[in-house]
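Residue strings, one per chain:
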Amino acid sequence: MMSSSLLGWIIASVFFSSVFIMLINLYSKYNDDIPQRVYTLLGLGGPFVSLFLSFLLIYEHLYKGINFYYKAFIWLDLEGFRVDASLILDPLAAAMLSFVSLVGFIIHLYAHAYMKEDPSYARFFAWFNLFMASMFLLILSDNPFMLFTGWEGVGLCSYLLISFYFQSEENIEAGNKAFILNRIGDFGFISGLALLFLQVGNAGLDFASLEANIHLIPHSTLNLIAFLLFVGAMGKSAQIPLYVWLPDAMAGPTPVSALIHAATMVTAGVYMVARFNFIYAITEEVGLLIAYIGALSALLGALIAMRQDDIKKILAYSTMSQLGYMFMAVGLGAYSYGIFHVFTHAFFKALLFMGAGAIILALHHEQNIKNMGALKEKMPFVFVMMLIATLSISGLPPFSGFFSKDAILNHLFASGNYLIFAMALFTAGLTSYYMFRLLVIVFISPSSKDHQLLPQAKLIQFTLLVLSIGALFAGFINLPVFFGGDEEYSLWINLPDIRFHLSHSNELLLLISNVAVSLAGIYFALSHYMSSSKDPSLGVLDKPIEHKFYIDEIYYAIFVKPLAWLSVFIVRVIDEKIIDAFIHTVSSGYQRFSYYTDSVQNGNVRYYALYMSVAIVCIFVYLGVS
Amino acid sequence: MIDVGHFFILGILLFSIGIVGMISRRNIFVMYMSVELMLNAINLILVALSHHYEDLNAQVMAIMIIAIAAAEASIFLALFVMLFKNARSLDANFFTLLKQEKHHDEL
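Respectively, the protein sequence lines represent chains A and B.
One gets our numbering by counting positions in the first sequence from 1 and adding 1 to each.
One gets our numbering by counting positions in the second sequence from 1 and adding 261 to each.
Incorrect hints may appear among the rest.
[Unchecked claim] Derived coverage of chain B by chain A (criterion: at least 3 residues anywhere in the stretch with Cβ under 8 Å from a Cβ of chain A; other residues may be distant):
#1 321-334
#2 340-353
[What the hints assert, rightly or not] Using C-beta positions, here's what the derived DEER-type ranges look like:
#3 Ile-326/B x Thr-586/A: 48 to 54 Å
#4 Phe-355/B x Thr-586/A: 39 to 45 Å
#5 Thr-586/A x Ser-335/B: 52 to 58 Å
Worth flagging that the hints you see were computed from the coordinates, not collected in a lab.
Note that the structure is predicted; figures quoted are calculated from it, not measured.
We put the CB at the ideal spot given by N, CA and C, even for glycine.
Chain A with its partners taken away, still in its complex shape (with noise of 0.2 Å):
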């Protein structure tokens, strides 16, 4: 039997291995002969030792089918309400432990090549470590309390990982954009807690309590706090209205956007409705609206995501885009395909940034697709991989990302959401056409540049090659009936899910659709940039494709400006005319009163005495006289 406590050292080893790297890059600005070494064995060694712990802790759980539970300390106790430290892994935590471990520490041997000549290394990594703590914490805690902590914690690594080169202002501003939105969102999840704990808060706190007493929450509450939550999820997984950070985010070094900002913590949204399954389960108005945000967000990231220049950026609004398909399925009640799309994304998105990062290394930093072209011949490795990830990513067979996009496509339909699963179709065939677009443009249009690239290191290779059998045969473990297998992993998730049954031909039918749909994508970009990296008009949606339908121009006229307003009202009016203007007389009129009366104080002992005896005749006088 395995000691449960292991689950702790999963979090506390990348913990550890982080405050290690903080204290000794302290140290090194006295002393600063610290080789990198060091910095790349704690840096490394924490999450790998937390692989080894999560994939021993996954193993027994599969193999004995028991929950781990470890209680480490009491956190709160006041009275009636008592909060666990305690961790818990269950098969949706197990899910979850499975590829973040597994892909972050392969982000982390990929950062480790990525970042070896930036002298930021040390801080680097000591945040990138404190990113996998906090991912474990909401990973593996098994009350709300411990998840929002770890909620948090990732999203101050997030901001401090955007701005890492914080020479730059524009980094700077991006990473507040993140924080601030995601305040916005976490607001939202903070008073759903709170809410959540008011109506069942003294009958234990944990998910297991928490959900044996939900049936006691009136149902326009329970509404109300299962809105609230998702608010929450809105801003860490950037959908409709709060997404606008993510592109931002992508100023980060690529590892960031690679392990943050597409394979793990943009997905805490998504794996926190499917935690809170419980409530959504008898929700539905509010999975129904989560539904369809998540397909407009989906709809509106694809759309914006056709246009874009920036290679990161277009993987920024892939990955807004994949969200909404993960919202779709969590919000109609299909949780187990939710995680494994989840599960099958982290992998290929991944796979598409470290590709994507490859490719601007040896460009010596080019973001910009429109400048590179012609590169299949330079970097044939890159591309094979960028195409095994780009095939994923489009839903093609028998790439993971088909599996998982083929469920949820199936069971939008099989719901009758007939909007949602049109929606969701059109995104599929706008997702297999820009990354193609991206894939053509980089590696195939001709490119009038002649580019020097810079030799590609080894492990950088290796960690393309070990993700890119992740994003072929993910798919595999949760082989749907249709193709003979029986869904082992959605059985093994053991989530409520609502199923539909569909017909063997309906099934064929979507099938084919689905792929067709994701074939003409394909086509329509082939067709269009093989030639040339001239994007093709579009009509009147040109326009606001390319400006990314004026949203951030939109939120900077409602939000930014009128606040930019009021606080320059408030410095201006109320801080210098009003409260300045008030404390200057206050001392200006003692300095004045000062002035006339200081005559008194003349240094000459006998005028005291006068002024003593004047006073004393005085009170003698009034006590006289009253």
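Got chain A; can you put chain B on it based on the hints?
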């Protein structure tokens, strides 16, 4: 017949002379003498009251005051010597160290 009231009047007169001398004279010696005059005016009243009420406590107090005044006198005299040595003057208007310089900024 002289009664306690006359002593009071004399005491008050002496005290007032002391105060006026303290305030109006500039020579530190004279100011010190005025202070002593005030102390002794109080002593006079204390002794008169002691006699009137046939209570010796006040007399004890008066003797204490005389003793302390004597001790003071020695210290004061020493101080005056030092003051004169340093400043070559015993004019009270000359010693205005307690005075604050005027600040004219801001106004």
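To see whether the hints hold, each was checked on the structure:
no. : hint                              : verdict
1   : 321-334                           : violated (count 0)
2   : 340-353                           : violated (count 1)
3   : Ile-326/B x Thr-586/A: 48 to 54 Å : 52 Å, holds
4   : Phe-355/B x Thr-586/A: 39 to 45 Å : 40 Å, holds
5   : Thr-586/A x Ser-335/B: 52 to 58 Å : 54 Å, holds
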